[in-house]
Amino acid sequence: MGNKQLVPEMDFQVLTQLQKTEGLISIPDLAEKAKVDQSKASAVCLFRADLGEIEVQETSESEWKLGKKAKALPGKSLPERDIIEALNKMGGNAEIPQVAESTGLENKVIGQSLRWLEEKKWALKDGKTLKLLPDGQNALSNEYDDEKLIKYLIENGNATSADLEAKGINIKAACDLLNGRNFLEEKSRKTRMVCLTPKGRELVDQGLEVRQELNQLTTEMLRSGEWRNATFRPYDVTVPGDPVYSGKDHPLVSIFDQTRRVFVELGFEETESPFVESSFWDFDALFQPQDHPARDMQDTFYIERPNICRLPNDELVDNIGRVHENGGDTGSIGWRYLWNKEQAQKPVLRTHTTAASVRALASDPKPPRKVFCIGPVFRRETVDYKHLPVFHQVEGIIVDEKATFANLLGVLSVFYKKMGFDRFDFRPAFFPYTEPSVEIFVWSEKKKDWIEMGGAGIFRPEVTEPLGCTTPVLAWGLGLERLAMFRYELANITHLYRARINWLKETPLCR
Amino acid sequence: MPVVSISLDTLLSRIKTEIPREDLAKKLRQLGCDVEGYATVKRFKCSSCDNIMEITETENPPVVCDQCGADYKENPDHLVFLNDHSVIRMELLAVRPDMFDPGGLARTLRGYLGEETHSGYELHSGPYTITVDPALSQKENYRPNIACAIIRNMSFTEDTLRAIMKLQENLHWALGRDRKRASIGVYDLTKLEGTDFQYRAVSNDEIRFTPLGYDLNKESDKLSPKEILERHPKGVQYKRLLEEFPKFPFLTDSKGTVLSMPPIINGEHSRVTPNSRDLFVDVTGTDERLVNKTLNVFVTSVSELAAGVTIEQVEIRYPDNQVSTPDFTPQRVNVSPSHAERVLGIELDKLKIKDFLERMGHQIEDNDSDELSVLVPPYRNDILHPIDLVEDVAIAYGYHNFPLTLVPTHTVGKQLKDQELFDLCRNSLTGLGLFEVLTLILSSEEAQYDKLQLPRDDDHIIIDNPISVEQTMIRRRLLPGLLDTFAANADQELPQQIFEVGYVSQLNKEQETGSIELSRLASAIIGPKVDYSGIRSICEALLREFGGTIKTIPTENPAFIPGRVAMIHAVINDKEIVMGIMGEVHPQVLENFKLVYPVSTFEIQLGPLINHTN
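Sequence lines, in order, name chains A and B.
Quick note on numbering: the first sequence equals residues 1 to 511 in the working numbering.
Quick note on numbering: the second sequence equals residues 1 to 614 in the working numbering.
Check the hints yourself; a few may be wrong.
[What the hints assert, rightly or not] Dumping the calculated DMTMM-like pairs for lysine to aspartate or glutamate here, alpha-carbon to alpha-carbon at most 25 angstroms:
| no. | chain 1 | residue 1 | chain 2 | residue 2 |
| --- | --- | --- | --- | --- |
| 1 | A | 386 | A | 481 |
| 2 | A | 447 | B | 34 |
| 3 | B | 414 | A | 401 |
| 4 | A | 447 | B | 91 |
| 5 | B | 26 | A | 452 |
| 6 | A | 418 | A | 445 |
| 7 | B | 509 | A | 304 |
| 8 | A | 248 | B | 219 |
| 9 | B | 27 | A | 481 |
| 10 | A | 187 | A | 163 |
| 11 | B | 26 | B | 91 |
| 12 | A | 417 | B | 34 |
| 13 | A | 346 | B | 370 |
| 14 | A | 151 | A | 163 |
| 15 | A | 418 | B | 420 |
| 16 | A | 447 | B | 36 |
| 17 | A | 447 | B | 22 |
| 18 | B | 239 | B | 219 |
| 19 | B | 529 | B | 493 |
| 20 | B | 222 | B | 133 |
| 21 | B | 350 | A | 401 |
| 22 | A | 446 | B | 23 |
| 23 | B | 27 | A | 445 |
| 24 | A | 69 | B | 22 |
| 25 | A | 418 | B | 418 |
| 26 | B | 350 | B | 365 |
| 27 | A | 505 | B | 493 |
| 28 | B | 27 | A | 452 |
| 29 | B | 509 | A | 342 |
| 30 | B | 594 | A | 384 |
| 31 | B | 529 | B | 512 |
| 32 | B | 27 | A | 449 |
| 33 | B | 247 | B | 365 |
| 34 | A | 402 | B | 370 |
| 35 | B | 414 | A | 257 |
| 36 | A | 366 | B | 491 |
[Said to hold, decoys possible] Covered stretches of chain B, as calculated for chain A (at least 3 residues, CB under 8 angstroms):
| no. | region |
| --- | --- |
| 37 | 393-401 |
| 38 | 407-415 |
| 39 | 440-450 |
| 40 | 462-474 |
Source of the hints: derived by calculation from the structure; they are not laboratory data.
We put the beta carbon where it would ideally sit given N, CA and C, even for glycine.
All chains should be built: construct the whole structure from the sequences, respecting the hints.
Listed below in structure tokens is the structure:
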């Protein structure tokens with residue numbers, strides 16, 4: 001006899017148990033018998049396998065569970081069985097509504113079962129009537145493999161092939177019959193089977209002794225120096241950790257932040273404007289005629305309280321009114337209607353951040369200026385996967401003697417490049433307050449299509465001149481939720497505003 | 001925006017250049033058309049009024065005729081399937097009604113592709129006159145303007161018939177604002193008597209006529225104007241346009257036979273059939289320029305759709321003047337090359353601009369000046385100012401051809417002070433492991449007051465035309481949004497710790513707009529062991545970042561458990577500022593929000609902290 005081998009306690013338990021075991025044993029069974037933690041048993045086995053003392057065989061075993069549709073079954077049997085039993089009770093023939101009433105099955109389920117009744121030759125639909133067939137009559141006193149399987153699963157939750165064999169259920173026959181009906185869900189489960197190798201058995205037969213091992217390094221050990229005599233039990237360092245998540249900004253807010261950074265880098269100054277805005281600043285100052293459809297109650301939120309806004313100085317109001325009526329001094333022919341001051345005083349929820357730009361322009365029309373605004377805008381949209389009554393825009397203007405349409409396209413392309421897009425398209429568009437006008441599209445590789453991101457243009461003279469501005473003003477308003485949906489691959493915009501905590505946790509900060 | 005299906009055959013047969021499908025869509029997009037894509041549509045005919053309808057693959061066949069209102073459920077034989085048809089689908093650009101139909105669109109494309117420069121349309125004079133009843137221009141009657149034309153030598157095909165009907169419908173939408181400002185009628189001229197027609201205001205008992213789709217031989221199918229508004233589907237649909245006026249506008253021929261009751265319905269008597277050759281067209285409305293433009297767009301597009309037609313003018317006899325329509329006198333606009341160059345940022349000269357504008361369908365008059373004298377074609381309704389022609393230059397040049405340059409002037413960038421503050425708050429709270437959420441700014445009194453057991457006050461903003469009962473006001477506080485977020489995450493792991501930084505609104509008479517936005521921060525925790533002390537620690541950690549400490553003063557608030565709620569005061573630089581409220585949420589409130597775990601929360605205003613960021 002050689003010397004007894006010193007092994008850690010865990011290894012001792014596992015190896016001793018394996019010594020008593022004939023043939024292969026699964027790690028869960030082994031752990032249970034050795035009374036050790038499963039992950040620790042697994043660690044010991046893998047460690048000893050590397051030393052050639054334990055053999056590990058990975059096997060995969062099928063496991064069955066009830067599928068989606070089976071969960072809706074009222075009883076422990078398949079619907080076709082309920083149906084033939086009902087038919088039998090009703091004398092062999094019955095109309096479908098009667099069958100539904102008698103079985104308690106939904107019409108839909110009965111409809112789906114017709115095919116199987118026919119396939120099994122149990123019953124046949126003739127007009128509105130279901131007729132029990134001879135095979136169905138026979139089936140009443142038999143139980144088939146598919147039914148046995150479903151019943152077993154309803155009673156036990158899940159089953160492995162071994163379980164089913166023990167019950168005498170023919171798995172293949174059962175699966176063939178249930179295939180494609182969503183009654184069954186098959187999963188393959190990996191199991192590790194282990195046994196001692198000859199080398200391992202030799203080692204164990206020599207006799208084992210427990211070596212005291214330590215889990216935790218303590219301050220006492222460090223203070224006393226006792227750690228020098230200790231060995232530390234190795235961990236299975238491949239085992240995943242318990243998940244923890246860092247607190248995070250909302251993904252849409254990260255987009256606002258990134259947007260803000262881009263424009264600040266480009267020399268823009270941030271501005272803001274009220275959510276409740278006068279029609280004057282939201283529409284009239286932007287040369288939107290007072291009967292423009294966008295101003296309808298249908299599309300714009302009007303305000304019951306407060307119900308009136310103050311207008312700016314009379315000269316400006318008068319200038320704007322004249323521009324609508326006849327173009328004023330701008331060289332335009334205007335919209336040619338009688339402009340109404342009261343209508344301009346009606347408060348609305350701002351429909352675009354362009355109201356912020358035009359306010360900024362009116363407060364200081366002297367070039368050079370670059371101004372931007374990020375904020376919510378409101379449109380009277382019914383909530384669906386693409387629309388919300390509130391969304392966010394980034395709005396910007398460049399007031400500059402030298403500003404050109406080419407500069408507008410340039411700054412937009414810089415923005416989208418910085419936001420991570422490399423293909424964009426500019427197309428002619430129409431807005432009442434810009435000319436030339438352009439819509440910006442970015443390419444979605446996933447959808448293989450262009451997605452519209454926003455509108456831009458050069459403010460019309462009818463907008464700038466009444467405000468005392470004679471330089472070109474480049475302007476744009478771009479949707480930010482769209483960018484977020486694009487970046488985070490969201491199918492539904494409401495996810496942003498009624499966020500799922502796990503989505504917030506798991507969405508990477510980096511795109 | 002409505003979507004129109006343009007027949008590919010009709011469109012391509014009017015263009016010489018061979019264009020592959022993909023290129024066609026691309027070219028149209030470069031012109032500003034919002035192309036959705038290609039599709040196959042099914043065409044049906046209404047056998048009761050010859051209306052042609054199309055449906056896409058995903059739509060169901062019509063159940064009623066959109067023209068005469070025939071009910072196909074009652075009379076299935078009245079709906080006749082014609083054929084499948086290849087189309088290109090586009091969203092209509094309201095300002096370019098001259099591109100709504102395959103004829104007008106082909107005209108634009110031919111110019112853009114350089115196939116032709118437009119030389120205008122020929123107008124013939126003719127004997128027809130319309131006398132306008134002075135009563136129509138009086139304020140209590142409302143539809144003073146009319147423009148008419150005769151179109152001769154028409155030969156309809158199923159395609160042109162469909163295109164013309166659709167054009168009429170789309171013009172009603174785009175220029176007519178759903179028939180309010182302008183509406184179009186088309187009639188078979190050969191069925192009309194004489195040449196002196198009347199546009200008059202008629203009272204209800206003066207007239208009865210057979211509307212489109214009704215039986216001319218049945219006395220019971222003759223209706224009075226009021227009966228039209230009450231019984232005819234189109235009457236019911238457009239009733240609102242005439243309701244408030246004592247009389248009804250009518251168009252009649254020399255013998256007094258009714259052509260139509262604008263803007264509701266035509267008479268059956270002069271109904272256009274596929275065999276009609278000579279047509280009478282009218283546009284009535286409330287604005288002379290618009291009525292004329294609508295007629296111009298319509299007749300020029302019809303000329304494009306049906307080769308060989310001639311257009312004849314009609315004399316309109318107003319009480320105080322006479323005009324002939326259609327009026328194709330071009331609008332003259334001067335364009336300065338240097339202005340265009342400065343606006344667009346590309347190199348241009350007079351010759352280049354001439355070429356670009358001609359491609360966009362304009363004519364250029366020869367002159368010696370630096371400026372171009374541009375004759376805008378009669379069907380363009382969107383040229384208000386020379387800048388509109390500069391855009392046409394840009395489109396012809398091609399947006400895709402523009403250099404992407406930046407403004408050369410340097411300016412200093414700067415974010416709002418509010419944002420620095422928000423960033424600081426977010427850094428502090430996310431550092432504590434909290435998750436930021438966003439909730440909707442629109443809320444309801446139920447969520448903002450009732451569910452929190454708070455009395456409704458009168459300092460919040462109320463929406464006049466809310467779209468749902470859940471969004472009737474701008475929020476006054478953030479807490480309901482946070483509680484809703486918890487409710488939406490009832491199946492998620494606990495505890496959950498969240499916060500929101502955002503604005504709430506309040507009435508404020510001092511402000512120009514009568515209201516003001518206030519920045520707020522709210523945080524809440526939900527979980528089995530959540531209590532006051534946990535949230536207090538978070539609040540203290542946050543205010544520590546502003547160099548302050550907090551003082552809590554017991555208070556009462558129905559949204560919180562009595563004895564577990566406090567006012568938060570911040571002490572910063574020895575100054576005490578009221579910040580907000582903190583506590584454990586009342587179980588009744590939790591129940592109202594369908595929550596089954598305790599919640600503790602605080603909500604503070606950020607305004608007072610604005611001067612304490614770096």
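Which of the stated hints cannot be reconciled with the structure, identified by number in ascending sequence? 8, 9, 13, 24, 31, 33 and 36
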